[in-house]
Amino acid sequence: MEKIAHFFKSFLLIELLKGMAVTGKHLFSHKITVHYPEEKTPQSFRFRGLHAQRRYANGEERCIGCKLCEAVCPALAIKIEVAERSDGSRRTTQYDIDLTKCIFCGFCEESCPVDAIVETRVLEYHGEKRGDLYYTKPMLLAVGEKHEAQIAKDRASDAKYR
Amino acid sequence: MSTPIIFNTLHFDQPWTLENYLKVGGYKALRKVLAEKMLPEAIIAEVKASGLRGRGGAGFPTGLKWSFMPRNYQGDKYLVCNSDEGEPGTCKDRDILRYNPHMLIEGMAIAAYTMSVKTGYNYIHGEIFEAYERMEAACEEARKAGYLGQNILGSDFEFDLHNHLGYGAYVCGEETALLESIEGKKGQPRFKPPFPATFGLYGKPTTINNTETFASIPYIINNGGQQFADLGVPNSGGIKLFSVSGHVNNPGNFEVPMGTPFKTLLEMAGGVRGGNKLKAVIPGGSSMPVLPGEIMMDLNMDFDSIQKAGSYLGTGAIIVMDETTCMVKALERLSYFYFEESCGQCTPCREGTGWLYRIVHRIEHGEGRPEDLDLLLDLCNNIAGRTICALGDAAAWPVQGFLKHYRKEFEYHIEHKRCLV
Amino acid sequence: MINIEIDGKRIETENGTTVIEAAHKAGISIPHFCYHKKLSIAANCRMCLVQVEKAPKPLPACATPVTEGMKVFTASEQAVKAQKGVMEFLLVNHPLDCPICDQGGECMLQDMSVGYGGGASRYHEEKRTVLSKDIGPLVSAEEMSRCINCTRCVRFGAEIAGQMEMGQAFRGEHAEIMTFVSGTVNSELSGNMIDLCPVGALTSKPFRYKARSWELSRRRSISAHDSLGTSLAVQTKNNHVLRVLPIENEDINECWLSDKDRFAYEGLNSAERLTKPMIKQDGKWQEVEWQVALEYAANGLRHIANGAGAEQIGALATANSTLEELYLLQKLMRGIGSDNVDFRLRQSDFSADDKQQGTPWLGMPIADISRLDSVLIVGSFLRKDHPLLAARIRQAVKKGAQANIIHSVDDDLLMKVANKTIVAPDALVAALSQVAQALDAEKNGKAQTASAGAVAIAKSLSCGGCVAVLLGNFAQQHPQAAQLQALAQQIAALSNGKFGFIGEAANSVGGYLAHATPGTKGLNAASMLATPRKAYVLLNVEAELDTANPQQAIAAMQSADLVIAMSAYKHHATSYADVLLPIAPFTETSGTFVSTEGRVQSFKGAVKPLGEARPAWKVLRVLGNLLKISGFDQDTSEAVRDEALKGVDVAAKLSNTISAIDTNAVSAAGGLQRVSDVPIYATDAVVRRSAPLQATVDAATPQAWLHSEELKKLGVQVGATVKVSQGQGSVSIAAAADDKLPRGVVRVAAGHAATAALGAMFGTITVERA
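The listed protein sequences derive, respectively, from chains A, B and C.
Just so you know, we're using our numbering here: the first sequence kicks off at 63 and counts up by one.
Just so you know, we're using our numbering here: the second sequence kicks off at 1074 and counts up by one.
Just so you know, we're using our numbering here: the third sequence kicks off at 714 and counts up by one.
Derived by calculation from the structure, the hints in this document are not laboratory data.
Errors might be hidden in some of the hints.
[What the hints assert, rightly or not] Below, a sample of chain C positions facing chain B; criterion: calculated Cβ distance under 8 Å:
hint, residue
1, LYS767
2, PRO771
3, ALA776
4, GLY798
5, VAL805
6, ASN806
7, GLY885
8, ALA888
9, MET891
Predicted model only: the values in this text are computed from it and were never measured.
A virtual CB, placed ideally from N, CA and C, is assigned to each residue, including glycine.
Please construct the entire structure, taking both the sequences and the accompanying hints into account.
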């Protein structure tokens, strides 16, 4: 009985037609591939790209040097040194992220009590030398200043889920 | 009430003088005790038979308390009178100090004789300076007349009484905080056990009683415990001073037998002001749960009846509220009192009383939230019974009482941001 | 013993213990904040509420005594509800600043809130703020809003430190922990409040924002700053010592640590650290390689030994050098052929040296001090010299022991002193012999002829219980130290007690075990300086601060042809030394200290030596090699230690027994006599360079203290500058009045730069109006 079924299946090229049907369906369906870099896929507001350090609206840096990100970082990519600033507040004197070590897990962002370290939507960055991807505090702050509007918008969209 | 027992000198122009006290048979009891060389056991038995229960709020049987004092203790023992009357609504002890100080002195001397104590302290609330001065004068009179000091009335009994003016902290009415305060420390309750009977003032055995309790002693000695007990009802012996305050026409202290109907007491106080309807009554000082007027009207004023109705007799301070009273506002005021008077020693009271007040304050000012009432009750459960002294309970009970009987009013406040009345 | 049941577990416990103690003993944890095993019970945090069968409401486990058949439930519904309720109350006014709090990561409240705290707060009102307070250079009360009013700090001050410097002011929600009238906390044990504080309200000021707790590595070590042998945890990060904490050791330091041990580490990275070997050439200091410096030193020593003779070389070391260092130093000296080696730099009477066989020590284990019934403390600035020992005696006194004092000053020991005799230094021997006489009379039923004070002390000592006579630093440095020792021995024998020395420094016992004392041919520390040598080898020594007679020491150094200074710091030696060899302080080397109770404790280095500094035992070893002395081939400090202690039964060596010595009171000298203490934060090189310690009240510039009658005689006002002189040297310091001093004495501290120009720590001194 089984043999007969098999004979008819192969004789009538049913498998082939099934395969062609899939091809046919995709021929007319909506395409998801894009012509990068002219075209880009949409990003989630939780996209984890290049890191940034944020400032408050009054220009004060957010980071208080609690070192939770340093402690939680699974790749040991963050290095922080802290000292008391002249006004008595706790501030970092050094905040480095080695992007060649970073695995973009987002734990640093998640652990941050003041939303200072964030991952932006930026994914197009490069370094010509290995050291170029060692981001220091001024570099991270610069990224933050450049993208603050987007960063703030993304945090706001995510706020209700946190 | 024909002849008052405690305020038995009130008919004189100057009821507080020794002369007038002697006219009404003052110091007869002490004389009797010393002349007959009564055995301490016999005195304690009389006090036990009288059914006298502590008049300071907790209602602990006085005779039993006295029997806890170690008999054969070598060294100093102390007797302390708690005249630190700070409970809002209560104003009976100050009137004893003002109008019949010698009765207190006599009562304390008998107690001192019973427990063979040589030194007594009378801790007076810091805000009643007049009472302190009168008490000092009375002690001086008594000392001169040989009722205090060495060889009292010719016997070998020795007892002296020192008055100590506090600084007005409510918590110092708590017996161990009071002891700390006499010792010159910050008035904060001690953890019990050890109880004062074993580790009291300066670490020595100490008995602490309320002013009214001591003042009841001479009558018991003169007339026997049973006669005192018979004045009242079972389990609540004798007479009691009730301070009636609030929305009544004639507020004041009333000396009536235990078990007197509240209705009678209200009539004595001239009824509710302006003929208004009675709304609520706090039957035993501000820390006790409030009871609705209609329940109160059927109650007798004794320990058991009030307890059955869900409150306590406490100090016997009756706060009457008429129908114009906003219960939220009333509770806000009470909560504020306990918030300000917490000593700050233990966590639930220090942090909880402020929280309670702030929530009630918010509700009163139209910023209440629907979940606030359950939060209040939960906080009360977390405060009551979790603190070193009873101030935690005192802060929680009014909230629980008000919410139990007047929850609707609170809900109205939250919903409409204004009073129901 | 009674039986109780906690969480279904049957426990047998002693009558009188509390539920929390019984639970902890059985390994059941009960959350708590205010409870601390060494402090009185306050029961104010209410965190330890547990359910007890038949009790109507939850009871605090810390204050509830166990009763037979009691059933306790620490995690029942009722108990947990109570605990969670309390936690919520604790958190309503606690700031949410854990990320910047120095306590973060090691905070009891943080840990406990994980177990008992809610996910979100139900408290929407404003939080309480408490103003910050400045309570001194050691303890930071910067963030008092964090305080949960557990009053551990208050109770510590009142009960352990002996003075209630902190207190809870105000009432209710406004309650605050503060010092009295904004004063500072000056206790020499104040740092323990930091450890006790269960939250971040009291934190270490020098450690503020230095590191998070999880970044630190922890190394065991032993205190180098007093003779107790306190167990330390040295915490480091990036090869820097950032914090020192106590390790609990019931036999030694219990769970406490003196401020000196806790904050001395700040001196380790002082700018004065010597990090490269240096040689003085043509009067100028030059940094050189180790090889050059060592060869220079070795050649110099060889030259002197071959020329003037080996006995012209002397070696001096401080008593806080390690056993290994002291051992190799004496071995080096004896290898060269000199017997001149000593570590007892502040001692002035060495006449006991040939009269005692053993190594002087405390005479009993430290723990036994707690069990004393009566103690006679002779010549000791107890509180400042031995803060933790003082705390132990304070506890014993609280339990009923009697403390008797014979001394030349009457500083407040913050404990009840039963009897005291305060006399001038030259009358100390007489005072002690009076006690011996009175005891003899008391014991043998003779008529009492001694002074009333002596009789009172004798009565206290003949109580029949546990008795001890302890000789402090002042007695050991006294010019008649041997006589004091002999008298102490006599008194101890008469009262069936023990006697001993409270060692001055970390290795006061170890120095003897390492033989770092002169033999019969050699010169002791005093003679080495009194009859100057041509060459000196100094180990850790600051000649003008660490010796009994700075004037003499400096003169000897300056007249020497060669001074080799092994030091961790670039200090005054630059003016007299020829070679400076950078060595490692105790945190950077391994080594061994033998504590005053004879406990041999070895430790490892916590960090690498700074710069080119090297452990002194290695330096000495190489010097031995360069001088071609045999027996300098140890590879590790352990090998050195094993060699030093080979065949030595330390316990058997410890003995204070001294053979007969004449006790004769000296005739009173005319004029004023000097009484000198070494201030608590001037005892050794590391402590002297710890900035926070130097900012304390205890480190104030020395003053000339006199009885006010003496001041009147001199016509000097309090606070006026006076000229104090000894020999050729004089200093100008402020005059101060202390009416508890005996007449005829001036108290001028030693060991401090301001008084280093003076001479001997004892003897005559003149004070004039400046």
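Each hint, compared with the structure:
{"no.": "1", "hint": "LYS767", "in the structure": "15 Å, violated"}
{"no.": "2", "hint": "PRO771", "in the structure": "7 Å, holds"}
{"no.": "3", "hint": "ALA776", "in the structure": "5 Å, holds"}
{"no.": "4", "hint": "GLY798", "in the structure": "3 Å, holds"}
{"no.": "5", "hint": "VAL805", "in the structure": "5 Å, holds"}
{"no.": "6", "hint": "ASN806", "in the structure": "6 Å, holds"}
{"no.": "7", "hint": "GLY885", "in the structure": "4 Å, holds"}
{"no.": "8", "hint": "ALA888", "in the structure": "3 Å, holds"}
{"no.": "9", "hint": "MET891", "in the structure": "13 Å, violated"}
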